[in-house]
Amino acid sequence: QQKVQQSPESLIVPEGGMASLNCTFSDRNSQYFWWYRQHSGEGPKALMSIFSNGDKKEGRFTAHLNKASLHVSLHIKDSQPSDSALYFCAVKVGNYQLIWGSGTKLIIKP
Amino acid sequence: DAGVTQTPRHEVAEKGQTIILKCEPVSGHNDLFWYRQTKIQGLELLSYFRSKSLMEDGGAFKDRFKAEMLNSSFSTLKIQPTEPKDSAVYLCASSTGGSGNTLYFGEGSRLIVV
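First to last, the protein sequences are chains A and B.
Quick note: the first sequence uses our numbering, first residue 165, plus one each step.
Quick note: the second sequence uses our numbering, first residue 86, plus one each step.
Keep in mind that the hints are not guaranteed to be accurate.
Calculated pairs, BS3-like style, for lysine-lysine (alpha carbon to alpha carbon, straight line, at most 25 angstroms) [said to hold, decoys possible]:
#1 A/K209 to B/K100
#2 B/K100 to B/K163
#3 A/K256 to B/K100
#4 A/K167 to B/K100
#5 A/K167 to B/K163
#6 B/K170 to A/K273
#7 B/K137 to B/K124
#8 B/K124 to A/K269
#9 B/K147 to A/K167
#10 A/K256 to B/K147
#11 B/K124 to A/K256
These are calculated hints, taken from the structure and not from any lab test.
Bound conformation, chain B alone (with noise of 0.2 angstroms):
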């Protein structure tokens, strides 16, 4: 079975660019989530769907941040615009759902804001 996959690997934006990043979760799989990772913050939750609907919009990152689940096989994150604080990795996971499910994490996808 194929894993969580997240494109881009590796992105470079300027301040005040739009960048979308992609994520197809497990087949499946009913839960997925967005997370974001730095250093000093750990794993902070943006998003999280449940059979396609939006059920956490992250609160403190919902003015810039806008994450879709258009089928369930596909979501995408949308930072607009940009600032030089998003640089982080930004991770997709998907599960089964449930109380005791475990998350299946993607690669991540590493954004540098210039």
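Pulled out of the complex, with its shape left as it was, chain A reads as follows (with noise of 0.2 angstroms):
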């Protein structure tokens, strides 16, 4: 059974530094990885698909792929303290499913 963890727990990162999030999965024929984002409050948010090896760029936002090694990771450039937020990887398998790492608290200190 597939299943997603993600590193760190928590973050702290300075206001304007960069933040890497990582997430591990365990079946090798995951195709379908997203990174949503959730505020206090607020129901999560897609932030980021990535589909293939590799990475892909989105602003300040890089996601980067490696399925040989099991590994999506989100980086986060110039880091705003509106990016404070639980950060989620969620891996789909079969047609409908999703299955949710547990999180990482990102905290950016002003």
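The two chains are supplied separately, each in an independent frame; assemble them into the complex guided by the hints.
Here it is in structure tokens:
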């Protein structure tokens, strides 16, 4: 059964710094990966999807996927206080099921 | 376009009560999901509908949880009877369907059972 693990559990980054979040998964056949962000009191919101090995950049956010090493990461450049949130990695299994990581709490310190 | 709308945002129920949570998905979306979120268990899938048909009924949640989708623009989640361990945030999400489609979540309904 697919397992998704995120690290670190929490992360403090100074404003303007780089935040790096990690996610490992167990099923080599996985094809579809997302990063979601959840601010306090809100529902999760999709940040980025990545389906191919390599990097995908959207503004200050870069996702990296390495299926061979069962690893996907998210890097946030020039971190802003508004980036403080809970970040989830989600991996699709089967036709509809998403397996979610337990989340990384990111705090951006002004 | 309107996003996913959930009501109520907050609910306090006494143990044994019946509560009904409501969800309006994004217009045109074919897939609808109900999740429960707690700090300990994280995000757990309760139900999944595709084009109004129930495809996943949540296994362990079956006995007291019932999700329905009477039309393509409205779904309910009934918890009957409620127990204190049901205290959580209940999230509704929708998507267009398909392999690589993103889920759009509502703001959630926070339930406290006393």
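Item to check | Broken hints, by number | outcome: Violated hints: 1, 3, 4, 5, 6, 7; rest satisfied.
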